[in-house]
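Peer 1: Use the sequences and the hints to build the structure in full.
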Amino acid sequence: MQVIPVRVEPRGFGQTSRRDAWWAVPLGVFLGLSAFIVYATWAAFQGEHYTYGPYLSPFYAPELFGDSPHAWFGPKPAWWPALAPFSPALLILPFPGLFRFTCYYYRGAYYKAFWADPPSCAVGEPRKGYWGENSFPLILQNVHRYFMWIAVLFLLLLAYDAWKAMWFADPVTGAETFGIGVGTIVLVVNVVLLGSYTLGCHVMRHVVGGTFDEVSKHPVCERAYACSTALNYKHQAFAWASLFSVAFSDIYVRLCSMGIWTDLRIL
Amino acid sequence: MAEATFRIWRTEPGGEGGFQEYRTAVSDGMVVLDAVHRIQAEQAPDLAVRWNCKAGKCGSCSAEINGRPRLMCMTRLNQVNLNEPVTVEPMRTFPSIKDLVTDVSWNFRVKKGITKIKPRKPDFADGTFRMAQRDVDRVQEFRKCIECFLCQDVCHVLRDHNKHEEFIGPRFLVYAAQLEMNPIDTADRIPELKADKGIGYCNITKCCTKVCPEHIHITDNAIIPLKERVVSRYYDPVTRLLRLFK
Numbered sequence: 001m002q003v004i005p006v007r008v009e010p011r012g013f014g015q016t017s018r019r020d021a022w023w024a025v026p027l028g029v030f031l032g033l034s035a036f037i038v039y040a041t042w043a044a045f046q047g048e049h050y051t052y053g054p055y056l057s058p059f060y061a062p063e064l065f066g067d068s069p070h071a072w073f074g075p076k077p078a079w080w081p082a083l084a085p086f087s088p089a090l091l092i093l094p095f096p097g098l099f100r101f102t103c104y105y106y107r108g109a110y111y112k113a114f115w116a117d118p119p120s121c122a123v124g125e126p127r128k129g130y131w132g133e134n135s136f137p138l139i140l141q142n143v144h145r146y147f148m149w150i151a152v153l154f155l156l157l158l159a160y161d162a163w164k165a166m167w168f169a170d171p172v173t174g175a176e177t178f179g180i181g182v183g184t185i186v187l188v189v190n191v192v193l194l195g196s197y198t199l200g201c202h203v204m205r206h207v208v209g210g211t212f213d214e215v216s217k218h219p220v221c222e223r224a225y226a227c228s229t230a231l232n233y234k235h236q237a238f239a240w241a242s243l244f245s246v247a248f249s250d251i252y253v254r255l256c257s258m259g260i261w262t263d264l265r266i267l
Numbered sequence: 001m002a003e004a005t006f007r008i009w010r011t012e013p014g015g016e017g018g019f020q021e022y023r024t025a026v027s028d029g030m031v032v033l034d035a036v037h038r039i040q041a042e043q044a045p046d047l048a049v050r051w052n053c054k055a056g057k058c059g060s061c062s063a064e065i066n067g068r069p070r071l072m073c074m075t076r077l078n079q080v081n082l083n084e085p086v087t088v089e090p091m092r093t094f095p096s097i098k099d100l101v102t103d104v105s106w107n108f109r110v111k112k113g114i115t116k117i118k119p120r121k122p123d124f125a126d127g128t129f130r131m132a133q134r135d136v137d138r139v140q141e142f143r144k145c146i147e148c149f150l151c152q153d154v155c156h157v158l159r160d161h162n163k164h165e166e167f168i169g170p171r172f173l174v175y176a177a178q179l180e181m182n183p184i185d186t187a188d189r190i191p192e193l194k195a196d197k198g199i200g201y202c203n204i205t206k207c208c209t210k211v212c213p214e215h216i217h218i219t220d221n222a223i224i225p226l227k228e229r230v231v232s233r234y235y236d237p238v239t240r241l242l243r244l245f246k
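These protein sequence lines map, in sequence, to chains W and G.
When the letters of the first sequence are read in order and numbered with the working numbering, they come out as residues 1 to 267.
When the letters of the second sequence are read in order and numbered with the working numbering, they come out as residues 1 to 246.
For the record, the hints were derived by calculation from the structure and aren't laboratory data.
Heads up, the beta-carbon is just placed ideally off N, CA and C, and yes, glycines get one too.
There may be inaccurate statements among the hints.
[To be verified] The calculated lysine-lysine pairs, modelled on BS3-like cross-linking and capped at a C-alpha distance of 25 Å, are:
1. K217/W to K246/G
2. K210/G to K111/G
3. K194/G to K163/G
4. K246/G to K121/G
5. K234/W to K210/G
6. K163/G to K128/W
7. K57/G to K210/G
8. K210/G to K128/W
9. K163/G to K234/W
10. K210/G to K217/W
11. K217/W to K118/G
12. K128/W to K194/G
13. K111/G to K57/G
14. K194/G to K116/G
15. K118/G to K246/G
[Unchecked claim] Which residues of chain W face chain G? A few of them, derived with a C-beta cut under 7 Å, are:
16. T16
17. R18
18. R19
19. D67
20. S68
21. G108
22. K112
23. W115
24. P118
25. A122
26. Y130
27. H202
Peer 2: Shown next as structure tokens:
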């Protein structure tokens, strides 16, 4: 007997036999990322209340040009277009922003949450056409490895800022003494979470050892690959934790600078 | 004994299909496949269902239970809500032959098209190789695959966009990774993965990883590492430049 297979037609947008709340995770991702983007954009354009004592908001670090004592090269440069809005964060934020934008975890998450491609697993899609990351524009996501190296550089700079956040200037003499405030802990935790996210990145895992089929023949790479792999298994958790911590660090410094919160000195 | 209702996809003689409801007795410890077998034995002797081991190792009884791709033999009834009808459908990515049985022959054709392993010269005169266990472990994970094709079923590139001619799907990206990362293999599959195997179509939504009954880290350990090898070969000018000096 000849059997003629019948293909079950794909379903329309949002149609599925799933009974669970399949929309909950994409909705949570949509709200979480949207809230971060709105807050980060607002904070980046403020251009004030981004330092408090030895603390520097990670949105503004490194401060290349600016009015605070943390600025590397002094105030706003003369060559900056007069009509363009200026804030030290505008020179910085695009790089970590693009690192996250091209991150493998975030890609999968926002393709679902913002583009419904698919809305969730085994749920019907709104569009028939599909190019994936095989052609323009999403083929540009392959630039991720370059932003990863920039993120590593930023990580080192943020670690230096966390170190500087342990040295408090005496209001009278100006002499710096070692100390730890709640803000110091906030900035250190932020660096640890950002480090766990960046060093567990899929590209990092590839370049430190994943490229070898016999990584055991390269002992240093093997150790680095094992560490990166261990972090990579929690990449999603670190992606969200570091996103939260970087926003919270900015909020903490901002509210201390505005006098709304008081930074407690522990040491 | 308690009863539950199952809405099972039935293919009609004309080629159309639809759900048919069956009410049957259920008891503690039963899996969905047990219930389907009971319905087959008591109410619908012509109900077609593919199964073999009933232990989650043969990959035969793949289906969609309440819309989620799963093995029927590994889905216990206490994992589903029996207060409402339980839907059991064939995998939607593949053509239905009859009822819950699908034609998965496309997968076997795809597998034949992937460059086979090409071992290096043996390490010893007796034809044996020496490999570090930790290097072998990396590809050993991929060998757990039971070819249930649930990952192919849930992949939206195949399921919703029907890219069967341009994309080999997660199962065969895992297979390609298993060969490509094998310590003794010398073949180069990167060009074919970029070209006709369509690795660029994967947009890493990780649905394949979520449904894998063997818990293989399909996206993180197979697909993304292969994508990175493709990037190094074709899209990264720095590594291309460095290769010139090697």
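Peer 1: Against which earlier hints does the structure fall short, listed by number upward?
Peer 2: Violated: hints 9, 10, 19, 20 and 23.
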